[in-house]
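On the provided structure of chain A, position chain B as indicated by the hints.
As they're listed, the protein sequences go chains A and B. Under this note's numbering, read the first sequence as residues 2 to 326, first letter to last. Under this note's numbering, read the second sequence as residues 2 to 326, first letter to last.
Honestly, the hints are just simulated from the structure, not real lab data. Be aware that a few hints might be false.
[As the list claims (entries may be wrong)] A short list of chain B residues far from chain A (calculated; beta carbon distances all over 10 Å):
(1) Val60
(2) Arg112
(3) Arg140
(4) Asp179
(5) Ala264
(6) Asp313
[As the list claims (entries may be wrong)] As a list, the in silico DMTMM-like pairs of lysine to aspartate or glutamate whose alpha-carbon atoms are at most 20 Å apart:
(7) A:Lys24 <-> A:Glu11
(8) A:Lys24 <-> A:Asp45
(9) B:Lys24 <-> B:Glu12
(10) B:Lys148 <-> B:Glu115
(11) B:Lys297 <-> B:Glu33
(12) A:Lys297 <-> A:Asp237
(13) A:Lys24 <-> A:Glu71
(14) A:Lys24 <-> A:Asp14
(15) A:Lys24 <-> B:Glu12
(16) B:Lys24 <-> B:Asp88
(17) B:Lys24 <-> A:Glu205
(18) A:Lys24 <-> A:Glu12
(19) A:Lys148 <-> A:Asp62
(20) A:Lys24 <-> B:Asp173
(21) A:Lys297 <-> B:Asp7
(22) B:Lys297 <-> A:Asp7
(23) B:Lys24 <-> A:Asp107
(24) A:Lys297 <-> A:Asp284
Virtual Cβ for every residue (Gly too), placed ideally from N, Cα, C.
Number of protein chains: 2
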Amino acid sequence: MAVYTDVPVEELDAFLEGYDIGKLLSYKGIAEGVQNSNFLLHTDAGYFILTLYERLVAVEDLPFFVALMEHLAARGINCPQPVRRRDGRPLGELCGRAAAVVTFLDGVWMRRVEASHCTAVGEALARLHLAGADFRDHRTNALAATKLRPLFDSCADRIDSIQPGMLSAIRDELDFLDQAWPRGLPEGVIHADLFPDNVFFLGERLSGVIDFYFACNDMLAYDVAICLNAWCFENDHSYNVTKGRALLQAYARVRPMSDAELAAMPVLARGAALRFLATRVVDWLNVPPGALVRPKSPQEYFRKLRFHQHADSVHDYGVAARELA
Amino acid sequence: MAVYTDVPVEELDAFLEGYDIGKLLSYKGIAEGVQNSNFLLHTDAGYFILTLYERLVAVEDLPFFVALMEHLAARGINCPQPVRRRDGRPLGELCGRAAAVVTFLDGVWMRRVEASHCTAVGEALARLHLAGADFRDHRTNALAATKLRPLFDSCADRIDSIQPGMLSAIRDELDFLDQAWPRGLPEGVIHADLFPDNVFFLGERLSGVIDFYFACNDMLAYDVAICLNAWCFENDHSYNVTKGRALLQAYARVRPMSDAELAAMPVLARGAALRFLATRVVDWLNVPPGALVRPKSPQEYFRKLRFHQHADSVHDYGVAARELA
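Just chain A, same shape as in the assembly:
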C-alpha cells in the first residue's frame, strides 16, 4: 500500500487547471501499488486515477509508458488511457513529481486465483503482445535476468541472513543463466509485471490490465514465464499444473509459440523467478526505519526458483509441447 506524497488540495486544483476534466469534487489516496502514489479523483467529468511518480520510476521512461498505454488502448486493450493536458502533453508536475491522470477502470483483482482466471490472463497477455507488435518506442529491460548480478552484489553480505545458503545458490543460478539464457526468440513489448493485482475482472470476465511501469522490450515468452510464476503457484508455493496448463493453452490459442519458445520455458521461468527474488531481497534488506510498506517475503521466489530448477521441459508446466505448437 502506498501514498508517499500527500497532495494539498490547493496544489491539486492548480494542477487540474491544466486539464479539461472539470472541477475537483474529491480525491482519496489509494492503498495499492508500491512504486508510485495513487489517488482516485472525482471531478465533474467522472472518475480518474492520478499518479505521482516517485523516485523508483525514472522520469525519462515515463513517455514510453504513457505512449504504450495510448497505443494499446487504441488497439482495443482495456487499459488506463492517459488524459492529455490542454497543452497536449500527457505528463504534468505536481508536488515536485511528474504526474499523470488516466481513466478509471472498473473491475476487481482476484485475491483467490482459479484456473479460469489463468485462462483469461493467458489470452489477455497474448492479445497484449499482438497489439504491441507495431509499437515503435523501445525501452531496455533494466531487470533482465542476465543483469541481476549487481543487484545481488549490492547486498551480498546480508543475503544469507534471510536464509542460510541463499547467496551461493543465487550465484550458481546467475552463472547458469549467463550460459543458458536463450537468444533469438521472438521479442516485443512485454508487460513484465502482470501479477494478479494488475489484472481486473468483472465477474468472470477479464475487464482490464493496469500498471505498465515495468513494460519494456524483451522476449515475449519471458512474459509468459513471468505469468507462470505470478499466477500458477499456490499459497504454499507448490506449482498448480491445472492453472499452468490453462494459462499456456489460452496464450497459445491467440499467439502460437514456437518449439524454441516452448523448449526455453523452464530457463525463462528460472530467470523470471530470479528477477522477482532480486527485488524482493533488496526490498527486504533495505526497509527504511518507519517504513509504511511491509516488504514481501523473498523466500517465496526462492522456492519457486527451486521448482523451475527441477523442471525438464514445458511438460512440467502442464502441457506437452505438441499441444501448443
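Chain B in isolation, oriented as in the chain A frame:
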C-alpha cells in the same frame, strides 16, 4: 493511512448480497484513517464507503455511531448515511469484522487551514450540537480529560524517553484537571475528533463531516476546545488568534455560549490537549514491529498544552467574552 484487512472479492460479493446496492464494479482500499479499514466501493447504484471495524473500535459502540449518523443526516447535517441491509440492520460482518456501508461524500479536506475554514467549522460544530440535542442514545466519553491517568500510567516508565520532564509535567496537569475540571456546563452528543481530515470542503463551502467513531456525550464546550486545538495552531505549534476568533465567533452565532462555558475555555482546552497527548504518547511508545502506520509526534500536543496553561481567559483565544455572550 490504513487498510488493515485485505478483502477478497468473493467475500465482498457475498457481503453485498445483503444490501440493495447492485453489483460490485470495483473497490479500492483508501489510505486515510487510522482506526478502521476503509474501501471506496463502486456498484451499479453508485459510490459508497465500506468500513471494516478493527479492534480499536468496540463492537458494542457501533450501533451508537450508526444511529447518530442517521439522526444527524435526517436533520440536515451532511455526514455519511449508513446504508441499511435488506434485513434492516445497519451492520454486517465481513472478514471476521463488523462492517458497514455508508454513502460517499464529495469534498476534500484542507491540508492548509485558513481562517475562513475555521469560520465554517465553528458554524458546522454548533449546528451539529443543535442537531444532536434530541438524540436519545448515550455513550460515555472513554477518553474524558479526567480519565486519562491510567493511559499515562500504562507507559509511565518510558514517557521521559520522548522528552525529559514530560512525565512529571503530565502528572501535574492530571492533578490540576482533577480539581479544576468544570462541572455543570451544557452537555450533549459531541463529535470529539473534528480535525481537518474529518471535514470536507467543496471550494470554500464546508460540504460534510465524517468519522463519528469518537462521538460521545460530554460538555459541548469541550468539543469547541478540541476544535481550537485541532484547527487554530500553525505548523510551528504557535496559536493563531485570528483563526481562534473566527472559530469561536462562528460557533457562538449559531449556538451562543454561556459565561460559564466561556470562562472554562482555557481549562477545557488543557483537557483536550492532554487527551490527544495521551493517545499520541501511547501510540508513539507502542509501534508494533513492521507497523504500516507512522505515529504522529506527541510533542505537538505537549507544546499546545503549554500554550493553554498560560491562557488566562477566552480572551487569549482571540475574543472577549462579551463579544460572544
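- prompt: Far enough from chain A: is every CB of that chain over 10 Å from the CB of aspartate 313 of chain B?
  reply: holds (35 Å)
- prompt: In terms of Cβ atoms, is chain A entirely out of 10 Å range of alanine 264 of chain B?
  reply: holds (37 Å)
message: What's the verdict on lysine 148 of chain B and glutamate 115 of chain B, does the C-alpha distance respect the 20 Å limit or exceed it?
response: violated (33 Å)
field: Hinted pair lysine 24 of chain A and glutamate 12 of chain A, Cα distance within 20 Å
entry: Holds, at roughly 13 Å.
- prompt: Is it true that the CA of lysine 297 of chain B sits at most 20 Å from the CA of glutamate 33 of chain B?
  reply: Measuring from Cα to Cα gives roughly 14 Å; hence the hint holds.
query: Taking the minimum C-beta separation from valine 60 of chain B to chain A, is that value above 10 Å?
result: holds (23 Å)
- prompt: Is the Cα-Cα distance between lysine 24 of chain A and glutamate 12 of chain B 20 Å or less?
  reply: Status violated; Cα separation ~35 Å.
- prompt: Taking 20 Å as the top limit, are the C-alpha atoms of lysine 24 of chain B and aspartate 88 of chain B close enough?
  reply: Satisfied, since the Cα-Cα distance of roughly 18 Å is no more than 20 Å.
- prompt: Is it true that the CA of lysine 24 of chain A sits at most 20 Å from the CA of aspartate 173 of chain B?
  reply: violated (51 Å)
task: Please work out if lysine 297 of chain A and aspartate 7 of chain B have their alpha carbons no farther apart than 20 Å.
output: holds (15 Å)
message: If I take the minimum Cβ distance from arginine 112 of chain B to any residue of chain A, is it greater than 10 Å?
response: violated (4 Å)
message: Just to be careful, I want the Cα atoms of lysine 24 of chain A and aspartate 45 of chain A compared with a cutoff of 20 Å; is the pair within it?
response: holds (5 Å)
Checked against the numbered hints above, the structure violates hints 2, 10, 13, 15, 20; every other hint is satisfied.
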